[in-house]
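The whole structure should be built from the sequences, with the hints applied where relevant.
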Amino acid sequence: MSDSQVLEADIDEIQKILPHRYPFLMIDRVTDIVPGHSAVGIKNVSINEPHFQGHFPSKPIMPGVLIVEAMGQTGGVLVGKSVDLSEDDLLVYFMAMDKCKFRRMVVPGDRLELHVTVKRGGSKKVKIWKFEGVAKVGGEIAAEAEFTAMMDINPE
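Residue numbers -18 to 137, in my numbering, belong to the letters of the sequence shown in order.
Misleading hints may appear alongside valid ones.
Here are the simulated BS3-like cross-link-like pairs (lysine-lysine), alpha carbons at most 30 Å apart as the crow flies [unchecked claim]: (1) K82 with K100; (2) K(-3) with K106; (3) K80 with K117; (4) K(-3) with K40; (5) K105 with K80; (6) K106 with K80; (7) K40 with K117; (8) K105 with K(-3); (9) K(-3) with K108.
Because the hints were derived from the structure by calculation, they are not lab data.
Below, the structure is given as structure tokens:
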């Protein structure tokens, strides 16, 4: 796979790469995938999501930890496309989250864009990857974080 190749992943491909399923699958599509470098996850925020029943019923706000989880899932798809793995060949585990900042509330009706860039990693030989993530709504920063994840190929 060429580093200059830009790829996308629809929901079917995301589910081939990630083990997450409803209600914990936090991304709907991943665009602008540059293997080993970056990707943009898309999350269409809907009032029908279960966390809005309790966070907060009178003013529904997407929990910040779920925004960071969506960044991590975008990173997982980026890893899967970078090392060409899918169909239960890959699990990616959070190891650390640093410099998390929440700048804007994310509410039902928002289209959350999760811009994820590889800071360290980028190949099948590397098990530990470090990412930088920025979540945006309408071009405005909603959250940002650095996170580290471990890649587990062929988990049993």
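Hints versus structure:
{"no.": "1", "hint": "K82 with K100", "result": "18 Å, holds"}
{"no.": "2", "hint": "K(-3) with K106", "result": "21 Å, holds"}
{"no.": "3", "hint": "K80 with K117", "result": "16 Å, holds"}
{"no.": "4", "hint": "K(-3) with K40", "result": "34 Å, violated"}
{"no.": "5", "hint": "K105 with K80", "result": "27 Å, holds"}
{"no.": "6", "hint": "K106 with K80", "result": "27 Å, holds"}
{"no.": "7", "hint": "K40 with K117", "result": "20 Å, holds"}
{"no.": "8", "hint": "K105 with K(-3)", "result": "18 Å, holds"}
{"no.": "9", "hint": "K(-3) with K108", "result": "20 Å, holds"}
Of the numbered hints listed earlier, the single one contradicted by the structure is hint 4.
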